[in-house]
Structure formats: structure tokens, C-alpha cells
Amino acid sequence: MDWYPDADEDLLLRTSARFAGGQAAAVAGCRWFRDPQRNDIQGELPGWPPGPVHTPRTTGDRAARRTGRALAFGIPLIANLVANIGGAAGSPFGSGPTTGKPEERENEVDDFPVMWAAPDTLARTVPWQLDPDRRPEGYTTDLVLTSRRLLFLGTRTGTLDKADVLAEYPRVSLAHARRMRFSEVEADVKVTFADGSWIRLFTGNPDSAERLAEILDGTVDALPESDLTPGQRDRVTRFLADLPAGTRPPTFTRLASGIVLVEARVPLKAGQDLHETHSILMGPSGEPAKPQPGDL
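Taking our numbering, the leading residue of the sequence shown gets 1, the next gets one more, and so forth.
None of these hints come from the bench; they were simulated from the model. Treat the hints with caution; some may be incorrect.
Restraint-style ranges between C-beta atoms, simulated for each label pair [unchecked claim]: (1) 227 <-> 38: 43 to 51 angstroms; (2) 171 <-> 105: 30 to 38 angstroms; (3) 125 <-> 247: 24 to 32 angstroms; (4) 55 <-> 272: 18 to 26 angstroms; (5) 4 <-> 254: 20 to 28 angstroms; (6) 284 <-> 43: 52 to 60 angstroms; (7) 230 <-> 53: 50 to 58 angstroms; (8) 268 <-> 172: 32 to 40 angstroms; (9) 105 <-> 296: 29 to 37 angstroms; (10) 52 <-> 8: 40 to 48 angstroms; (11) 139 <-> 245: 16 to 24 angstroms; (12) 161 <-> 284: 36 to 44 angstroms.
Quick caveat, the model's predicted, so the values are computed rather than measured. Here a beta-carbon is modelled for each residue, glycine too, at the ideal position from N, C-alpha and C.
Starting from the given sequences, assemble the full structure and let the hints guide the process.
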């Protein structure tokens with residue numbers, strides 16, 4: 001693996017992450033960096049290289065983009081129908097390129113900020129490499145959540161180099177997270193810092209967005225691997241042996257009934273930053289388990 005947690009912390013989640021892109025017609029593919037007065041602040045962010053200046057799309061632009069999206073997603077949509085997965089959890093394409101309904105019209109339809117930050121707030125310190133319009137070609141970014149911090153890592157596609165630690169934040173600096181369903185494959189998440197600033201990220205899979213929000217908000221019992229029983233560890237080893245190279249380290253969640261949900265995220269060749277989730281449920285000794293009422 002290209003990055004390991006310190007001895008005094010446990011890995012809880014690792015997923016791809018980049019700034020999200022607008023989905024509504026007027027803001028499709030766009031992103032803005034705002035202060036609370038909706039001023040564009042990207043020129044104020046220290047160390048950031050120049051990036052494109054987006055403008056809301058005209059009616060003609062919207063029509064052209066709709067045609068382009070239909071062509072781009074035609075094959076995956078047909079594949080989903082044939083496979084009878086049409087938007088099931090873990091499907092890399094969901095029910096189409098855009099799913100869900102707008103929850104914040106001012107931030108999803110009329111405008112699309114991916115950074116909301118007053119001067120001297122933490123959101124202004126996130127790495128510029130999260131912006132797909134700025135980062136080098138072949139460079140990807142991941143979000144890592146441990147028992148004591150959140151980190152952003154950068155890696156170069158096709159290399160075995162150690163990951164770049166681009167930024168890190170103690171858990172106490174994070175207020176909460178919320179999955180935003182009006183997004184590409186419903187995989188956006190809004191991460192809010194304790195100072196009220198926030199960022200909106202695309203995580204590549206709806207399961208990743210949901211799990212990040214649940215862990216940060218304390219609504220699930222995330223387990224470190226060290227808490228597993230010997231039988232459970234053996235079952236996880238066999239589970240991972242069946243998955244392809246490049247699979248992200250698994251995450252573990254204790255459900256209400258006490259059984260453990262194991263999830264592993266596999267990068268997809270269908271598109272950069274996309275991945276699918278493979279999962280199993282296991283009992284105390286690693287035996288297969290079925291969800292009970294209230295588990296899922």
C-alpha cells in the first residue's frame with residue numbers, strides 16, 4: 001500500500017475524492033469557490049495555480065451538453081439495464097449520469113460552490129490537487145479517515161511511489177458530513193468544518209459518500225481491523241483474495257445486531273475516480289451472516 005496510518009491510529013475509510021461538478025443544466029460541469037457573500041475566491045487561495053473561470057451555461061450550451069451526456073452514458077445505461085442493476089447500491093453508474101433531486105437550489109441549480117469559506121477558515125486550506133481542472137494529468141486524490149484525523153493523499157497513476165500527504169485535519173476540526181444525492185451517481189458529500197466552512201467532494205461511489213457521512217456524524221460504529229476476531233480476520237483475508245489488484249483497504253462497520261459489514265472499494269476502468277463496492281456480512285467467528293431488522 002502507498003500509505004499507512006501511524007501506530008496510534010486506525011484506518012476507518014479510504015476513498016477517491018475530488019471537487020464535485022455541477023449537474024443542473026445551468027451549472028453542468030462547473031464549480032466555484034465562494035465566500036459567504038458568494039464572491040469568487042479562487043484567486044485568493046495561496047499557492048493555487050490558475051484555473052478556468054466558469055460561467056453559467058446558456059440555453060444553447062445546455063442543449064449541446066444534454067446530447068453529449070446521452071452519448072457518453074448510453075453504453076453504461078444499456079449495460080445497467082441488461083445486468084438488471086439499474087441504480088442498486090454499489091453500481092458504478094446508478095440510474096443515469098445524474099440522480100436524486102436538488103436539496104439546496106441555491107447551491108446546486110443556480111450556483112455550484114464546492115468551497116464555502118470566509119477568510120482564515122479551514123476550507124481554504126484544502127489542497128488544490130482536489131480540483132480536476134488543476135491537478136496534473138494522471139494524478140488522483142484520495143480522502144482517508146482515521147480514528148484521529150482526515151487526510152488528503154495524492155498518487156500518480158501507474159506508479160508504486162509513496163502517496164503524497166497533501167493536507168490533514170484533526171477529527172475535532174470536523175463538524176459533520178452530509179451525502180448530497182443530486183450528484184453524479186449520488187456520490188457527492190459535503191464536509192463541514194467546525195468553523196462553518198465546507199467543501200463538496202465527489203467520492204466515486206454512493207456507498208463511500210454515505211459511509212463517510214455516517215462515520216463523521218457518529219451514526220454507525222466503525223471498527224478498526226484490530227477489533228476483529230481471528231475468525232473474522234481470516235474471512236476478510238479470503239474475501240480480499242478474490243478481488244483484483246488495486247482494491248482499497250476494507251472498512252468495517254458493526255451493525256445494530258452485532259454482525260460486521262465489510263466493504264472493499266475497487267477502482268473501475270470505466271472512468272477515473274469511479275469505483276464499485278464489494279461487501280460481505282459476517283458473524284463473530286467470521287461465518288456468513290444475514291442482516292437483521294434495523295441493520296440496513
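Inset, instruction - If any of the earlier hints don't hold here, list their numbers in rising order. - result: none
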